[in-house]
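Number of protein chains: 2
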Amino acid sequence: MVRDVGISEVGPRDGLQMLKGIMPTEKKKAWISALAASGLPEIEVSSFVPPKLLPQMADAAEIVAFALTLPGLHVAALAPNAKGAARAIEAGAHKITLPLSVSRSHSLANVRKTPDEMVDEVRQSTRLRDASPSRPAIEVGLSTAFGCTIEGTVAESEVVRLAIAAVEAGADEVGLADTTGMANPEQIKRVIAGVRREIGDRLTGVHLHNTFGLGLANALAAYEAGLRAFDSSQAGLGGCPYAPGASGNIVTEDLVYMFESMGVRTGIDLWKLMAGRRILADAFPDEPLYGYVPAAGLPKNFRPAA
Amino acid sequence: MVRDVGISEVGPRDGLQMLKGIMPTEKKKAWISALAASGLPEIEVSSFVPPKLLPQMADAAEIVAFALTLPGLHVAALAPNAKGAARAIEAGAHKITLPLSVSRSHSLANVRKTPDEMVDEVRQSTRLRDASPSRPAIEVGLSTAFGCTIEGTVAESEVVRLAIAAVEAGADEVGLADTTGMANPEQIKRVIAGVRREIGDRLTGVHLHNTFGLGLANALAAYEAGLRAFDSSQAGLGGCPYAPGASGNIVTEDLVYMFESMGVRTGIDLWKLMAGRRILADAFPDEPLYGYVPAAGLPKNFRPAA
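Protein chains in written order, with the numbering used here: chain B, 1 to 306; chain X, 307 to 612.
Be a bit skeptical, because a hint or two may be false.
Think about it this way: if two alpha-carbon atoms lie no more than 27 Å apart in a straight line, the pair counts; the simulated DSSO-like pairs of lysine-lysine are [as the list claims (entries may be wrong)]:
(1) Lys29/B - Lys83/B
(2) Lys495/X - Lys300/B
(3) Lys189/B - Lys419/X
Derived coverage of chain B by chain X (criterion: at least 3 residues anywhere in the stretch with Cβ under 8 Å from a Cβ of chain X; other residues may be distant) [stated by the list, open to error]:
(4) 173–186
(5) 205–218
(6) 256–262
(7) 287–297
A few chain X positions that, by computed beta-carbon distances, are all more than 10 Å from chain B [to be verified]:
(8) Ala340
(9) Val473
(10) Asp592
These are computed hints drawn from the structure, not numbers from a lab. For glycine and all other residues, C-beta sits at the position ideal for the given N, C-alpha and C.
Make the full structure from the sequences, and use the hints.
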């Protein structure tokens, strides 16, 4: 399987944590199986947060264990701190993402820690990684890297500073997250260039939201700027409970369509991917499912990238 | 007023022709006034088609005459053939756009003429232009330039051939229209480069639809490829009655937001522009109005391009 870009599906984590209903564990497994069967190389399957805070994620360890049985799938999980990272390592996740919010206000609201206190959590997590037999990859996702609904503008110098701090704390990868959808394509290219100047190819990908409609334009800009890893969510589920108004990850179906139509290989079968929506529609009949391509159907001239 | 890009609002033509209801002439004037007051440099205000085919456009001459009274506004109108162009010239439009569909099937369905028969209509229209005292600009809009819902793929060599034919027939400007929303950013850049190689800066702009969600990504690609003129429609109204499933121009509000947030000056006041939606909402309470920025509100970090 040759891929030009790697798409990481975050719906089972970023999507489900935003819904009021709880998806039963068996349905999650069916959905994750369908997503994996479409050729998605990586799925962020759950989040190791205290179950009393996010009961939707109480089955994190069981879900990770199940996902590890799916052939070829890279199993990612989120952990908000070192305690969560320890649980994720124990569960056997291949990759653990720690969110590190560049905006101090958002960081305090989201994880009750300052950005620099979160750097300490990253450091503790990478020590746990080094002491573990499985040595999963630790990714730091720099949240609110392009704007904050509380603070407004986020200083690009802070994005760069915290990217360096994350790498110095031992992170294998750093991602830039537009948690609030406030990024624009020019800014995407500028921030990527600025961060890459300092940490090189430790900067791997972007996590984009579509709040103001620029999600795919921003993905295109990040691709043109040289990044090859993209988070997205089936049917655009997701958002951030502590960033009011910031709803909707970019839609996996539309992102895959954009890349494939451009001749950029994702390794994902769009028809199989769209079949996965049925499980979501059955599980959450009252939730809106987003996506232009699923609504319009694939155009007559569509050919997957060869 | 310094502008880096010119946005042409096509809602009063492309939007209204798709709606079943007819907007009363006085409401059209109020809407066009509000659009012009936001700083839009150009509005395609109507279409000179036989009123029995499109009763929504029966007041074309009166609307053009009204639009000509708005200070600084470039008044554009569509004409499907030389007969319509004659009426548009007589009405005093500054610019007349003739659609020339690259897909033979779409051309026959839309104007009952082959693409080459339409080139003859362009030639007759430019002769009328040359004989008129006002000498309006004649633009040829190459419809279905990126794909056709009937034929599927449209040959890029045909796009280039018809662009050359349009210029040889006397067109002042050529635009590329993604009537069906089937374009992708890579194709946008490739086709622009191919057409520009032959007709240089006679290629001025793009007319994009958002059917498959790539509208703004395609606009970004066209901007990066050097084009500076963009059609769009307030609230995303519009489509093509003879291209089934091809609904929705790109949304003017979101396009302006993208450019302004990137630091690209449109000369348009987004707050005033969004006020224009109220007239539409009042006139068509049952029509969906699209747009992410109008739905989410402008983000806290937004600053118009300086």
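Hint-by-hint comparison with the structure:
| no. | hint | verdict |
| --- | --- | --- |
| 1 | Lys29/B - Lys83/B | holds, 25 Å |
| 2 | Lys495/X - Lys300/B | holds, 21 Å |
| 3 | Lys189/B - Lys419/X | violated, 45 Å |
| 4 | 173–186 | holds (count 6) |
| 5 | 205–218 | holds (count 7) |
| 6 | 256–262 | holds (count 4) |
| 7 | 287–297 | holds (count 5) |
| 8 | Ala340 | holds, 22 Å |
| 9 | Val473 | holds, 26 Å |
| 10 | Asp592 | holds, 19 Å |
Violated hint for the displayed structure: number 3, the only one.
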